[in-house]
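Please arrange chain Y on chain H, whose structure you already have, making use of the hints.
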Amino acid sequence: MTSNVKVLDQLKIIAELRWRMFLNSLRTIRGKTELTARIFVALIMGMGALGGAVGLGAAAWYFVSSGEARYLAVLLWPVFFFWQLFPVLATAFTNNPDASDLLRFPLTYRSYFLVRLGYGAFDPATALGSTWLAGILVGIGVARVTLLPWGVVVLGVFAAFNLLFMQMVFAWVERWLAQRRTREIMGVLFVVLLLSFQLVGPLMQHAGRQAKPGLQHFVAIAAPIQEVFPPGLASAAIARVARGGLVGGFGLLLALAATAMLMGYLLHFRLYAQYCGENLSEATAAKKATIAEQRSTSWRLPGFSAAMAAVFEKELRYLIRSGPMLLTLIMPVFMTVIFRFGPAGSGRGSFVARIPAMAFPAAAAYSLVVLTNLIYNNFGGDASGIQFFYASPVRFRQIVMAKNLSHVSILLAEIAMSWIAVDALYGAPGWDVTMATLAALLFAAPVNLTVGNVLSLYVPKKLDFSTFGRQRASQTTVMASLGVQMVILGIGGLTFWLAERSHEMWTGVVVFVGLAAITIPIYFFTLKRVDAIAMRRRETLLAELCRA
Amino acid sequence: MDGTATISSEHLTRRFGEFTAVDDVNLRVAPGQFFGFLGPNGAGKSTTIKMLTGLLATTSGRIEILGLDLEKNPVEVKRQIGVVPEGMSLFGRLTGAEFLNFAGRMYGLDRETAASRAAELLDFMQLADQPKKLVTDYSHGMQKKLALAAAVIHGPKVLFLDEPFEGVDAIAAGTLKSMLQRMIARGATIFLTSHVLEIVERLCSHVAIIHQGKLVAQGSLEELRAGVDAQTGGHAPENGRMTLEEIFLHVVGGTQRNEQELSWLG
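Going down the list, the sequences are from chains H and Y.
Heads up, the first sequence is in our numbering, so the first residue is 1 and it goes up one at a time.
Heads up, the second sequence is in our numbering, so the first residue is 1 and it goes up one at a time.
This is chain H alone, in the form it adopts within the complex (with noise of 0.2 angstroms):
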C-alpha cells in the first residue's frame, strides 16, 4: 500500500524528474550542443529582458511623474501580445506529452495543475514578462513612492493573469493539435496568418500612396475601448488610484482579478478534462467497403518502369497532404505578389523594379531554393517507410530517381504558376527571357538534384511532414545547400545581368544550355553510384529515420 503523497512531495519528485532529464540530455553531443546553444540564447534573452526592463520603467517613470498615468497601456499592450505571441510562435505547433505523461501515476489533481502552471511559470515568456513589469514597477515606484505598493498588486495580478491565459491557450491548443487533423487544419491557419502579417506592410504602404492614414482617429476610437481589456483595466486601475480614486481604482483591479480568474476557469475547465483520461482517438465510424469498392489502381507513368510510377505516385500524394509542404510551394508566387506591392516593387533601387524582365527569372529561382527543403533530404518524410525500400527488389537509383522526378515536376508546375504571376503583376516575360530562364533551370536544377541526393544518403534527417516549425535539416546540409545556391546564384545572376545589358539575351540561353551540358551527365553519373553510396550508408539511414 502507498501512503497518502503530499503536493509538494510531488512537484518535488517532478523537479527532479526534470533535473535527472536534463543531466541525461548532456551525455550526447546533441545535448551539450543544444546546452550551449541554450545558454547563448539565454544571454541574449536576458539582455533583452534588462535593456527593456529599463526602457520601460522609464518610459512608466516619464508617465507616472507628468501625471498621465493612463498611458502606461502602451507600455503593458506590448508585454501583454510578447507574452502571448512568444510561446506561440516558438513553439510552432508541436505536442508536448511530458505533462500529460505524468497522469498514469497517483498525481493529485492539484499537483497536476500547479506543474502546468509550474511549466508556464519557467516559460522564457514569462521570465520577460515578468522582468518587464518589475521594470515598469520601479519606474513607477520612482516617479511616486506612494504608488509602489498598489502597483506591486496590481502588476501582480496582471502578471497573474498573463501567465493563466498562456496555459490555457495553450492547454485548448494542445486538445486540438492532439488530433491529426485539427493539428494541420491548425498548422495551416498558423502559417496563412504570418503571411497575412507579410502582406500588412505592402498593402498598407500601397494604400498610404492614395490616401494618408487617419491614426488620431484610430486613436480615439481604439483608446477607450482597450481599456476593458486587461492592460487596459491595470493601466487604468493605477491612473485612477494615482488621481486618488481609491474606490475606482480597487474596482478596476477586481475587473482585472475576475478575468485573471476566468482564465484561470477555463484552464481548470481543459485540464480537468485531461485529468479525468479525456479520449481524443481519432476514430472515425466505421464503414465497410467491399472489395470493389476498395478496389483502387496506381497511376501510370508511360515510359517508366511500374516501380517507378509507385514511388512517383507516393511522393505526389504525400506533398498534396502535406499543408506545411504545400504552403512552402506556394511561397515564390506570394512572393512575386510581395515583390510587386511592397516596398522593393516600387523603389527606384530595387533590381525588379528597374527590370521587371528579371521578375519571371527571379521567380524561378526562387522556386528552386524553395524546393531544396524536399531534395536535399529526399528520405526525411519516409521514416520507416525507408526499410521498405531497402527491402523491396528495386535498386536504390530508381527509387531516387522517381524522386527527382516528382520534384522536377513539382518544379515546373510552379514555374508556370509564377510565369502566370509574373503576367498578371508586371506582363508577359519575354519569349527570350522565358528560354533563358528555362535553360538556367536545366543548369541549376541537375546541380541541385546531384547534391540533394548525395546528402539525402550522407546526412539524413526524420521529418514528419504533417508537423510546422522545430523541423530542420541537419547543419550539414544546410551549409552545403547555402554554398550551392550561391555558386548556381552567382552563375545565373551574373549571365542574365550580362545578358540584359548586353540586350543578348539568346547569349544568355547559349550559356545555360552550355553549363547544362556539364551538369546533365554529372546527374546521371552520380545517381548511377546512388546503389552503392546507400547500401554503404544503410546503417545511418536506418538509424536516423526509422528512430520514434
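Rather than coming from a laboratory, the hints here were simulated on the basis of the structure.
Please note that a few of the clues may not be correct.
Cross-link-like lysine to any residue pairs, in silico, SDA-like; alpha carbons within 20 angstroms at most [to be verified]:
| hint | chain 1 | residue 1 | chain 2 | residue 2 |
| --- | --- | --- | --- | --- |
| 1 | Y | Lys-72 | H | Arg-395 |
| 2 | Y | Lys-133 | H | Leu-319 |
| 3 | Y | Lys-72 | H | Ile-533 |
| 4 | H | Lys-6 | H | Arg-110 |
| 5 | Y | Lys-133 | H | Arg-321 |
| 6 | H | Lys-528 | Y | Glu-71 |
| 7 | Y | Lys-177 | Y | Gly-155 |
| 8 | H | Lys-12 | H | Phe-22 |
| 9 | Y | Lys-72 | H | Ala-532 |
| 10 | H | Lys-462 | Y | Asp-137 |
| 11 | Y | Lys-132 | H | Arg-317 |
| 12 | Y | Lys-72 | H | Arg-537 |
| 13 | Y | Lys-132 | H | Leu-319 |
| 14 | Y | Lys-132 | H | Ser-296 |
| 15 | Y | Lys-133 | H | Asp-464 |
Same frame as chain H, now just chain Y:
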C-alpha cells in the same frame, strides 16, 4: 553452404564496435519449414533477421536465400522474399489501399493485379472499414496486419517476420496465423521471431535459439526435446512432455528468482 536449404547462413557475424551482436551463426532452414527463431531480449534476433533480409551489412559470413548469395544477388533475392521488419516499414501518409498498391508495384506487379490483390488483402485482414484513413492513424495491430499484407502481396517464396504478433489482439493474431499456415501449406518457407513461445510452439516445426549472439540450439521441436532430455538425464516434467518454454529456459539458462526477493508484493 547447404544447397538444399531455403535459408542458410555460414559463419554469420555482426559486430558493433567492440560488441559482437551475432557471433558465427550457421542457420539451415529447409524448404516449406515454419521456422521459429528465439532468444532473450538483446540476444541478436533482430540483427540476424536484418542481415538475412539485406537491411544490415554483415561483418563477416555468407547468406544464401533460395540458393542465391544475398550479397551478390540482392535484387533477385528480394524479389522472392517478403519482410515485416521491426519498425514495420510503412508509409504513414498513404491510405491502406494506396500503400498496398504501392507495395505491389514495387514488387513488379501490374496495376490491375496490384489493385485486386490489395483489395482482397484489405478485406481478408479486416482493414476495409475505413478506406480513407491514413496508415499513420491506424492502431498498432492494424499496422501489423497491413505490414504483413504488404509483405505477401507479391506471393513470396520466403517470408521473414520480426515479432509479427507483438501488440496484436487475439482476433488479429488468429487472422495472421491462418494466413501464415495457408502459405506454408502452399510450399512457402516462413522465418519468424517471437517472444510468444506458445504461438511458436503451435506454429513452428523447427526452432533455433540464439543467446548472447551465439546459436545455442537448432532443430525440430522433437530434436530439441531429445537434446534437453539427454542433458538432464531424461528427467521429464510431471506432465511427461517438455514445453518449448521449458526447453528455452533450459537452453538459455534462465532461472526463476526466489519469491522471497519481492516479498512485499504480497
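The hints, checked one at a time:
no., hint, result
1, Lys-72(Y) <-> Arg-395(H), "14 angstroms, holds"
2, Lys-133(Y) <-> Leu-319(H), "17 angstroms, holds"
3, Lys-72(Y) <-> Ile-533(H), "16 angstroms, holds"
4, Lys-6(H) <-> Arg-110(H), "10 angstroms, holds"
5, Lys-133(Y) <-> Arg-321(H), "12 angstroms, holds"
6, Lys-528(H) <-> Glu-71(Y), "18 angstroms, holds"
7, Lys-177(Y) <-> Gly-155(Y), "16 angstroms, holds"
8, Lys-12(H) <-> Phe-22(H), "15 angstroms, holds"
9, Lys-72(Y) <-> Ala-532(H), "13 angstroms, holds"
10, Lys-462(H) <-> Asp-137(Y), "19 angstroms, holds"
11, Lys-132(Y) <-> Arg-317(H), "13 angstroms, holds"
12, Lys-72(Y) <-> Arg-537(H), "18 angstroms, holds"
13, Lys-132(Y) <-> Leu-319(H), "17 angstroms, holds"
14, Lys-132(Y) <-> Ser-296(H), "12 angstroms, holds"
15, Lys-133(Y) <-> Asp-464(H), "17 angstroms, holds"
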